[in-house]
Structures are given as C-alpha cells and as structure tokens.
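Knowing the structure of chain P, use the given hints to seat chain X with the ligand on it.
The residues making up each chain are set out below.
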Amino acid sequence: MSSNVESLYQEIILDHYKHPRGSGALAGASGESHQVNPTCGDEVTVGVDLDESGHVHVGYEGQGCSISQASASVMSELVEGATLADMAKAERAFVELMHSKGNAEPDEEVLGDGVAFVGVAKYPARIKCALLPWMALQDARLKAGIEIDKAEG
Amino acid sequence: MAARLDVPRIRKDFPILARTVRDDRPLVYLDSAATSQKPTAVLDAERAFYETSNAAVHRGAHQLAEEATDAYEDARSAIAGFVGARSEDIVFTKNATEGLNLAAYAFSNGTDKSRQGHSIDPRFVVGPGDSIVVTEMEHHANLIPWQELCAKTGAELRWIGVDDDGRLRREDFGLIDATTKAVSVVHQSNILGTLNPVEEIMAQARSVGAVGIVDACQSIPHMSVDVVDLGADLVAWSGHKMLGPTGIGLLWGRTEILEAMPPFLTGGSMIETVFMESSTFAPPPQKFEAGVPMVAQAVGLGAAVRYLEDVGMASIADHEHELTGYALAQLSQLPGVRIIGPTDNVDRGSAISFVVDGLHPHDVGQVLDDRGVAVRVGHHCAWPTCRRFAVPATTRLSTYLYNDTTDIDAAVEGIVAAQEFFGVA
Ligand SMILES: Cc1ncc(COP(=O)(O)O)c(C=O)c1O
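Listed in order, the protein sequences are those of chains P and X.
The first sequence lines up with residues 1 to 153 when you count with the working numbering.
The second sequence lines up with residues 1001 to 1425 when you count with the working numbering.
Next comes chain P alone, as it looks inside the complex (with noise of 0.2 angstroms):
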C-alpha cells in the first residue's frame, strides 16, 4: 500500500468504519435530511435535535464505502451532546479540511478524531463521501430551523 493510500485510509478511520459509534436513528428528531452521493450510491441519514439546554443532538444511519461510513461516525461524536457553537465550530472546519487539498494542519480540539481525514482531501472522488453526512446534518438542522450564524464561533 502506498504511503498516499495510508494516509488515506488512516487507522483512526478504519477503526470509525469498522466501530462506529452513535449509529441508529434519532428518536423525535426534529430535522432530518437523507443525502445520497449520487455517483455511488452511498446514502446516510441525518437526524437532529436542540434540547432546552441548547445541547444538539443527532443520529444517523446508513450505507456506503469506509470514509462516508467514519466520517458518519465522527461526526456524531463531535456533535452529539455539543453546544451549538461548537457544532458550528466542527461543521466549518470540517468543510474547511476537505477543500485543503491535503495540505492542512487541522485542529485536533475542534476536529477530535476529524483531524485524520486530511488524507481524504487529496483525492476528490472522495470528498463528497466524507462530505456526506455533514451535508445531511447541515440539510437537517436547517430543516429544524436550528441557525448557527446566530451562534457565536
């Protein structure tokens, strides 16, 4: 396997894939988006919630290859139980890290397990599948009418 390849499939990512944490549908979600990448046929849903505490809450379900399945994965792990700014925070640098071309230095206290997706962006057939569930949850929590421009972050 090629050092590319590596970097690409990186543990912490198989180990998303494999052990994916948070998986199943949000019971009384309310906003949820279904994305599917056209190209290949991946699908995830996205369900989201703001509780009275202003913590957000989500979960997802869904198929398709390793990186849309961890980046699932990792995303509920950095949103579920978060405020809003942080959501915000997690959504933009994640979107951020994947228009790097791989040349980023990403922050591991906002991105958590995030951070090993770098490798993602140098392959632009790929993007779109880390991509995914973060345009479902940004779809959902629009749906929900949660806005995080009115969050501070």
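The set of hints was computed from the structure by calculation and includes no laboratory data.
Given the structure is predicted, the values throughout are model-derived calculations rather than measurements.
In this text, a Cβ means the ideal position worked out from N, Cα and C, and glycines have one as well.
There is no bait here: all hints are sound.
Distance windows between CB atoms, simulated: (1) P:E11 with X:T1052: 56 to 64 angstroms; (2) X:E1156 with P:A104: 49 to 57 angstroms; (3) P:A25 with X:V1292: 51 to 59 angstroms.
Frame of chain P; chain X with the ligand shown alone:
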C-alpha cells in the same frame, strides 16, 4: 477461430498505456466500458484534418469546405460499412445519450405536433393507454428519456425484468403487446455484461407494430454487429467506446423510419426551405444534424473503425471472450467475491461486475487505483439494476483489445490486497 491478437504490438499503438500512475505504477486500464483509449491513428487523423482541411461542412464554396465535407462524408461511409449499413441511414450525434433522446423526442415532438393538427406518422403519437417497454438492465441513457416521454404523454412505462443470473426474464417478453409504441433495449449490458437476444425482442416489437430501438453502446465496439440484422428500427451507440474521440455518437435508422420521424434539434443545416412562418426539413440524415457538426471527431472515428477493421472484429471478439472466461474463472476462485451478472461465459461481454463481502466498491476501487489498476466503481448509470441485485454499487472491470491476462491478474491481486488491508479476508 480468427487470427490471434498480437497484444504487445497493439499496445504500442496506444501511447497512454505506456504511462504510469500513482507513484510510478504501470497503468492497468480495465475501464474500457466507460471509455476506450485511442490509438495514434485516430489522434493523427484528427490532427491532420485540422492541419490540412478544416472548414465548416455542407456550406461554403471554397476548396477547404469541399475537402472538409468529403472527409466528413467519407467517415460516415466508413462507419456505415463497419456496421453493414447505408451511409444515408447513419446520423451523427454527440453520443449515444443524444441518439436515444433523439428517438424518445421523436415521440414527444410527434405527439405535441399531432395535437396541434400537424400530419404526423401515427407510430410517433403516444398517449394514455399506450405503453413503452424497456428492461431492468438499461443504462440511465436508455431509461430516463422514456420515463420523461411517459410523464409528458401519459403512456405507461413497462420493463422486462432480470433474473438472478443477470439474464432477461423471457416470461416478461409478453409485456410487448398491442398497446406498445416503442421497445428500447440494451444489446449488451454495461453493468452485467449480459448479451441480450435483441433480434427476438425486436421481432416481437415488429409484430405488434412498435418502433424497435437498440442501445448498442457495449456491443458494436467489441464484436461484429450488422445493424440491419438486429431487426431494429433504430440503433444508437457512442464513438468514444470504440477507439474514437469523445463528442461523437451514431444513430442508425431504417430509411423509412428516419424519413417518418420528426426532427429533434432544429436550426441550420437541417432545413430544406425556410420562411418566417414555417420551414421544411432536409432529408435524413441531415434532418437530424442541426448546426455545424463535429467534423474532426467524425474523421477520428472514421480512422478508429479502419483501425478496428485492420485488427479484425472477429479476432477482437475471440480475444475478449477468452479474457472474459479467464477473468470469470479467476474471480470465482476468490473467497468473498460474488459476480453480479452471468457467471458462465455464454452470451456475455467482457464487462464483469462484482462485490466483495465486507468491502464497499469505492474502497476496492481505491486500493486497485493505488496499484495502478483503473476500474469503475458505483452504480454504472444503472441504479435500478443495482437495486435489483440488492447492492448499493459494484466494482466493474472491463477489457478491450489492448488487455491481456496479466491485467486480470493485477486486478485479482488488488482485490486480495484490499481484503487483507481491510481485514475481511
Ligand atoms: C449501455 C450504455 N448505454 C448508453 C451509454 C451512454 O453513452 P454516452 O455516455 O456515450 O452517451 C453507455 C455509456 O456508458 C452505455 O454503456
């Protein structure tokens, strides 16, 4: 048996096959069902055209315009000869997708115009109570245009199902009945590799008075096909899958059908007389070639068919049949690998789809790519076919005249490497 192919010699004609990819790995190109590579003869022909005879065809009174028109029409004759057709019955399109849309739009335009009182051949007028028949293994290019036609006209879309072996369900052929106005079927599936009995299906279409259409994208590049013998009214295919340039496709039609069909794209070059109120159209094939056509691509495609004829289509078909048998045998031996499509090397082409237990096709493709092996992953523009086999996607390898068993071996080694890497072996 036709003469055996000299693959090492053939490979020398394709400069791209000598390049390396991903950290200096030799390229193993197993994605010819998506698009084929191009031999130098094709590139040279296009370049020579631009260097010596470039002009707009069928217009202009100067020498270059004459030469360009000759080059364009010579290409049409070469292609016609290649598929056993008359030149006048060959229409240049952008690709097969455009050819299939041209066919579907003949019905929707015909229906619209007939509602406005124009005199239209009744075969091209459809409405509620009529049906259109396709199959469950169509490329989206031969599905969506017909779905749209049905949505616009109220006709019913029917499809011939696919069995577990990836063959058409013969018991569904009866869906073609007195209500049927069009039957459009893929000759060789790009995802399953199945070679369909289109002659039989077209005969049935004819017997009920329906227009018969064949999508020959995956057959004409790989075997000798006489379009007239298929018994269809229209046959569409692409140039870029048969060593030709991108941006050019073909639609063959029976003379009488092309004359009866309403045009698709309209504008310059396709007219006979034009008045402010209305116009009349040129005879086919010009009726279907609006605007300045893709002359250099036609010339390139002409060179491609001459190249294929020199090598010999029978030899190519034999070679690929042998390679397919080899690939099927190798893949069947791999634990955890399941072929989606016919597993016997009978009535099938060289496109082989498979899934690997515990591995998503994208990940299989990525590991193969890392080893220099180019395959296609995804639903191959045949999403309903994937659904039929309850798989989200497949990995597909497909060959052509420049591949040999070492390419298959490289793919097989890559699959095993992917299984090991992801710990599913
Ligand atoms: C069976 C089949 N039909 C139609 C098409 C569409 O061809 P094009 O994209 O060249 O229009 C393809 C190409 O992928 C194909 O394999």
